[in-house]
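If you're matching them up, the sequences are chains A and B in order.
The working numbering puts the first residue of the first sequence at 17, with every later residue one more than the last.
The working numbering puts the first residue of the second sequence at 17, with every later residue one more than the last.
Rather than coming from a laboratory, the hints here were simulated on the basis of the structure.
Idealized CB from N, CA, C, for every residue including glycine.
Be aware that one or more of the hints could be misleading.
To be verified - Here are some, though not all, of the chain A residues that point toward chain B, as calculated from beta-carbon distances under 8 Å:
#: 1; residue: Glu87
#: 2; residue: Arg134
#: 3; residue: Asp137
#: 4; residue: Leu173
#: 5; residue: Tyr189
#: 6; residue: Gly196
#: 7; residue: Tyr198
Number of protein chains: 2
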Amino acid sequence: MRRTRQEKAEPRAATVARRATVLAAALECFSRDGIDGTTIGDIQKAANCSVGSLYHHFGSKDGIAEELFIEGISRFNRGMVRRLRRCRGAEESVKAVVRFYCDWSTRNRSLASYLHSRDIDFSEPARDRLKAVYQRYIAEVFTWFGPFVASGEMRTLPPDAYVPLISGPIQEYVRRWLSGHYERPPGVVKELFADAAWRVMRGP
Amino acid sequence: MRRTRQEKAEPRAATVARRATVLAAALECFSRDGIDGTTIGDIQKAANCSVGSLYHHFGSKDGIAEELFIEGISRFNRGMVRRLRRCRGAEESVKAVVRFYCDWSTRNRSLASYLHSRDIDFSEPARDRLKAVYQRYIAEVFTWFGPFVASGEMRTLPPDAYVPLISGPIQEYVRRWLSGHYERPPGVVKELFADAAWRVMRGP
DNA sequence: CTTTTACTAGAACTAGATTCTAGTTATGCT
DNA sequence: AGCATAACTAGAATCTAGTTCTAGTAAAAG
């Protein structure tokens, strides 16, 4: 029987499972001991598989790290977009970004913590994939907010300024909380930061 | 002749020089190839010294990275405090934080870029040193801003919220610029971000 | 049922971080 | 000055951990 899409065969069920197992194991190791702190052997043991298997699926230790990172970002982005679509109006949307950031980071603490790490040497192709993921996300988000800017409900600013202005503070707060510098969980300051974001964004 | 402070001898002139040379060499390597990407051999060649010498002064590769990080942060902090002391009033002070962040990052681009990396496995003592540096800094900064909060010129917020709210956005912008995602240098958005910080901070 | 391809295993290899031993140079003290 | 001690430098040897390689097993395609 001819396969519907010839370019890419469906991976076996076992493959999907193994990759997922490895990524989960890696997340556990990475978030406990850091990327440098975990060895291939650690991941291997945690995932109950052989070195060969790891290298077959991911090519290298950094390959595992990349994959985990890109998948995590994608999950976050999907969640954010879903949340935005349920909003009405500019204020609710801007605040939703901040609130979602809080909620998601609290719910997915170890993944969030991993996504804050900067120590992955992305390979060229991985960098490209990540860029693509990010651009698709930004396109969706800007499409969402565009009308509010057009109508004057939100300020008109250089495009590069929006993300840092809206997410910068909560991101920084969460980062510090995740790395143990701050005690109080983000939920406590959620509304404060949401209000602050809106203060900055609302039209004059 | 008895030494004034017996606990810690003055290091030799040659020692000071060599440490500085190594740190400069390391910064060059790290910011070009990343921490993982540079080998001890690279630093050794760039600094014109032997492996033994490196290990004598810094104990390990991470030791070099730690030292560079802590020294960089200290430099940044000193500059910020100096700048603040020249300010009059709450608005000028808040805006000065943002402006200084911009200016310093632009002037010390490679060091700034290095300080944004998160991939250093700090040893326990280094972590403590860093914490001490940070707390001294925070104490000075809060002493500076305290009166403005007391007088109502600035809002009263949970202490942990100030740094993320004021510096978060510009920090995020600069980070993206340093890693090549944004084209326009921070100078271009400096006043915009300074205004935003003040919008968030000024009393109602 | 055979051929091909995806996948697994673990031993062998290798790059690079760290340790060790042997020296050299400066400083403090009498 | 001259000895003792500590700071420092050098580079070979070691050891850890990432990667590669070869041989095999299981599953899908035809």
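Cross-check of the supplied hints:
no.	hint	result
1	Glu87	19 Å, violated
2	Arg134	4 Å, holds
3	Asp137	6 Å, holds
4	Leu173	7 Å, holds
5	Tyr189	4 Å, holds
6	Gly196	10 Å, violated
7	Tyr198	5 Å, holds
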